[in-house]
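*Asks:* Protein chains in written order, with this note's numbering: chain A, 1 to 325; chain B, 1 to 308.
Derived by calculation from the structure, the hints in this document are not laboratory data. For every residue, glycine included, the Cβ atom is placed at its ideal position computed from N, Cα and C. It is possible that part of the hints are untrue.
Claimed, not checked - Covered by chain B, according to a simulated footprint, are these stretches of chain A (three or more residues, beta-carbon under 8 angstroms):
| id | segment |
| --- | --- |
| 1 | 148 to 159 |
| 2 | 256 to 268 |
| 3 | 288 to 295 |
| 4 | 306 to 315 |
Said to hold, decoys possible - To give an idea of the interface, some chain B residues facing chain A are shown, with a C-beta separation under 8 angstroms as derived from the structure:
| id | residue |
| --- | --- |
| 5 | 137 |
| 6 | 149 |
| 7 | 151 |
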Amino acid sequence: MTVVRATQADAARGLAGSAPGRPPASLWGDAWRRLSRNRAAVLSLVFLTGLIAVSLAAGLVAPYAYDQQDLDATDLAPSAAHLFGTDGLGRDELSRLVYGSRISLAVAFVDVLIVVLVGVPLGLIAGFVGRWADTVIMRTVDVLFAFPSLLLVIVVITYLRAVLELPQTDLLAAVGAADKLTGGLLGVFIALALVSWLTVARLVRGQVLSLKEREFIEAARMIGARDRRIMLRHLLPNTLAPVIVAATFGIPGAIATEAGLSFLGLGVRPPLPSWGILIAEGVRTMRAFPHELIYPAGALALTLICFNFLGDGLRDALDPKLKAD
Amino acid sequence: MITYILRRLLWMVPSLVVVFTLTFALVHATPGSPWDESEKPLPDAVKANLAKQYHLDDPLPKQYVDYLANALHGDLGPSYRSAERSVSEIIGATLPVSLQLGLASVLFALVFGLPLGVLAALRRNTWVDHLSSLITVTGISTPPFVRISLLIVAFSIALPLFPTGGWNGLLDGRIVLPTIALGLGPAALFARYMRSSLLEVLPLDFMRTARAKGLAETAVVVRHALKNSLIPVVTVAGVTLTNVITGAFFIERIYSVPGIGRQFIDSVSGRDYPLLLGIVLVFALLISVMNLLADLSYGLFDPRIRYR
Chain A
1 MTVVRATQAD
11 AARGLAGSAP
21 GRPPASLWGD
31 AWRRLSRNRA
41 AVLSLVFLTG
51 LIAVSLAAGL
61 VAPYAYDQQD
71 LDATDLAPSA
81 AHLFGTDGLG
91 RDELSRLVYG
101 SRISLAVAFV
111 DVLIVVLVGV
121 PLGLIAGFVG
131 RWADTVIMRT
141 VDVLFAFPSL
151 LLVIVVITYL
161 RAVLELPQTD
171 LLAAVGAADK
181 LTGGLLGVFI
191 ALALVSWLTV
201 ARLVRGQVLS
211 LKEREFIEAA
221 RMIGARDRRI
231 MLRHLLPNTL
241 APVIVAATFG
251 IPGAIATEAG
261 LSFLGLGVRP
271 PLPSWGILIA
281 EGVRTMRAFP
291 HELIYPAGAL
301 ALTLICFNFL
311 GDGLRDALDP
321 KLKAD
Chain B
1 MITYILRRLL
11 WMVPSLVVVF
21 TLTFALVHAT
31 PGSPWDESEK
41 PLPDAVKANL
51 AKQYHLDDPL
61 PKQYVDYLAN
71 ALHGDLGPSY
81 RSAERSVSEI
91 IGATLPVSLQ
101 LGLASVLFAL
111 VFGLPLGVLA
121 ALRRNTWVDH
131 LSSLITVTGI
141 STPPFVRISL
151 LIVAFSIALP
161 LFPTGGWNGL
171 LDGRIVLPTI
181 ALGLGPAALF
191 ARYMRSSLLE
201 VLPLDFMRTA
211 RAKGLAETAV
221 VVRHALKNSL
231 IPVVTVAGVT
241 LTNVITGAFF
251 IERIYSVPGI
261 GRQFIDSVSG
271 RDYPLLLGIV
281 LVFALLISVM
291 NLLADLSYGL
301 FDPRIRYR
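Chain B on its own, in the form it takes in the complex (with noise of 0.2 angstroms):
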């Protein structure tokens, strides 16, 4: 077990260099710098100067050094375009405000999606899966933004239960509409997965034996079926992942949440390239420790995997 998480730790070292090799290296193909814009050009000289003291006038393979060594010890430069935040102290103030979006996401996903699940498969083919089937399908095909925009509508314009935007930490009520909003794809996946997973164990010899000893239907489904048919949604893991990062892009900016998503889009139409790639680090990073824990926790719910 512990070589097994050793090599996999190993592993993403390579990982990880590609993906940031590939990221700097486009960023640095890219032509343009946040001074090109303005509506008053620079002088040359002054463009000559922020590009020296941003290093820019370095040779590239010099920078790449520096910037990895510097990002070894968590500094991952200055940004382009706030003079008195770094990059690391953008991150930092961000992250845990998506962190904490995220896992309440996460959460109602679990809570929600779940029973939800579990409902449609023992009330297969009745209204209850119907409804659930609608439900599902609505949260895995509409975008973030389609959701939180039309949640904002009805629930603070038209019927004014909370605000259209803001951030105060976890209790709060700012966060209920992009938590939902953010949940509801991961939600329609385990939902999906949990029916169709629990109606393949359902039929199975072993609950029919947990029945005949006269176990109550509550007791044969809890401790019998949900526990074997947990298996298949953990699978989902690194979806759920991709779906919380890729949504809060969205959300963060529609819901005005003090996140890493707006910052990355900020730093993409403001070409702030050194934060851009810091978060793109730090996307890649998370990926990573995340996919290792989903593939870990298999061996929770399945004590016959073995780590090797």
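Chain A extracted, bound-state conformation (with noise of 0.2 angstroms):
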């Protein structure tokens, strides 16, 4: 049913596209129409461009340092010298908040530089090149999904780090310096690209598979491109808009894992202000100062929601197809 209407409406496009005064659409120009007409997505977009904005632009935001303490004016309820008030150490809630919006942001970034510099390219030669390329990257993907990521995560992140605390060669003392330095993230960053790749490679395999049966890769090849030829410039730019959607969904799961592992303790070392330390101080204070909860706290449920719908967004912008309704 719906895939016949979703015919319908692109035969209807198509008249109207040869129809003058209305330029041929493009997949993009498309899709960016069918997103600006989502309240849900554009809403979330816009959030998410402020909280961008906000974390590039922290020292400029926040009233205050991050880690500046302030003895006499601990546990403050929220009022005009601080918006969101003061924690334990009486440092000020909002300039928390601000700065570690920076850590989710960069947790983020990384996971996306993960997926492409990783999940896309395993994905495609998994499935472009097939045989035991295909088998050992398939199995490991098999291995590694069979298990709960979180505790993977956990698992391999206890391991990592009591390897980097007493370093048996040069490398892991490097890279343990480089973990100090980061506060921690560099080890959050490891163990998020062990797991963050995943899907991504699993999709793009799967779309190579079936669009390198398809007729104008056989063009391709007859008019002589190469494999690589045929890689890059054929099969990627088909598996583009479903890696934006998977990515884009990607995120907040990403944020999520560095947000319970520093809420665990097992992420960003205090006193750098991972929302996720911030809600588990929140937590130790919440029945007497239930405000030092609420702030992180809804700060990072609202984060992960709007990624989320600008996930559903995207889906249905690039895929009219998919969508449900």
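Could you use the hints to bring the two separately framed chains together as a complex?
*Replies:* Dropping the structure here:
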């Protein structure tokens, strides 16, 4: 049913496109138009753009430094001097939230980087080369997928932290020093690198498997295109839309993983104000000062919800045939 | 059917061995022991004695075989941290608590999520649908530690309806908040799958036939539509288990539920590696069995599926 309706709509749009006065629709222009009609997605995009701006300009936006203590002004309720109040060490909650957004967004950025640099190439190779490459890559994906990723990440980061604490080789010592320098973020990135490429690798492989049987690939091969060119110029662009959608849906998972690890004391180290750490501190004092929990928990929840709404919107915009209604 | 089950059970053995070997290797490659951390370092002689007591001075292959042989007899070795209880005893005491909490939350997810999805599909594009989509996205996006802490603030502190933590079995008010916090994720998944799968079934021909022969709308929906749209919902069983296990790490810790999830986190922060290894094994077994049950249940909902 939905498929039929979609083709009719496509046909109607095709007719309209050939009529004078309407420029031919491009895939991306069309997708943008559909996305901009989705109210939840647009609102989420506005919020997330604002969040990125705030995190980039954290030094200008935040009224205080994130680790500036004022022991005469601990656990204050929200006021004009401290819009979101202060924590147990008299640090300004708003400033810590603002600087904490940098950590969450850095995690989002690195997660996308891993998807693009690891997930897409491995999926492409598995699907296009096939044979042993496919077997090796996909069995690895299966093994890593068999476990809840958070369980895997916790076990690996426990190991990683112990190894980096007592480094046996120069390389490990260097990694350990870099991890200390980034306040523990590097360890989180290494753990994320283990799990965040899986979904996209599997997705790209499936896409490539079905695409490489299509006529346009045959045509490209016929005019003498080499494997490299076919992979990069013909297969890769055609997997772009689903990869964008999957990457967007992956971001909230990565941000939540970092926050969860930091919450448990396995991620970013204090005094860096990861939202996970702020929530952990808030839980400790929630009976007396619930505002110290509500602001970071709300900020994290809102950010994750917005990424999910944006993912929903992108999916509907980039692949209208998939839309359920 | 029986050969299928037997073959699947046989396949579980190599995958469990892989998981066990990997975890064993990782845990034993991890430097340091719980005794390194203390403020006053232990004398080397005492450390050597402790290592001897826990067989850490045996060659690794021997430790591996010994552990495996003992594990098959249900003995997962001594815990580093608690002298009076073995790993098996700790798991035996905490797993039932987590199972009760997990079952309660899955039940909540079914009772809350499925009707929500059905309502959203039947009232598509109305405020009911939009509200349900807001609840669904919230349930899917928010991590469990955010849900439980906000629930505690709202319903134990601001509005003191429930205690702020603790555990006293299934029939106690203390189970309400952790159950909702843990079940909201699966509930959201159920609602989302139920909605989209029902939307696919609703316009099919047999639905028109059912209406044409004069069935009441409720009977049409319940007897014809629901039955045919449950299969995609069953496929989320694996994700649900994952949600419940990893969610329990946080929720049991924050709400002071004496379950296996809290033990797992404690074993990580306390470097109690035998306990960590044992718990990972239990999780692996649980996941394998659940996946088998999920695969078998497809046949229950769709008689066309044959097991070979």
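*Asks:* Decide, hint by hint, whether the structure agrees.
*Replies:* We went through each hint and held it up to the structure:
1. 148 to 159: holds (count 8)
2. 256 to 268: Answer holds; 7 residues pass the 8 angstroms Cβ test.
3. 288 to 295: holds (count 3)
4. 306 to 315: holds (count 4)
5. 137: 5 angstroms, holds
6. 149: 5 angstroms, holds
7. 151: This interface hint is violated because 11 angstroms lies over the 8 angstroms limit.
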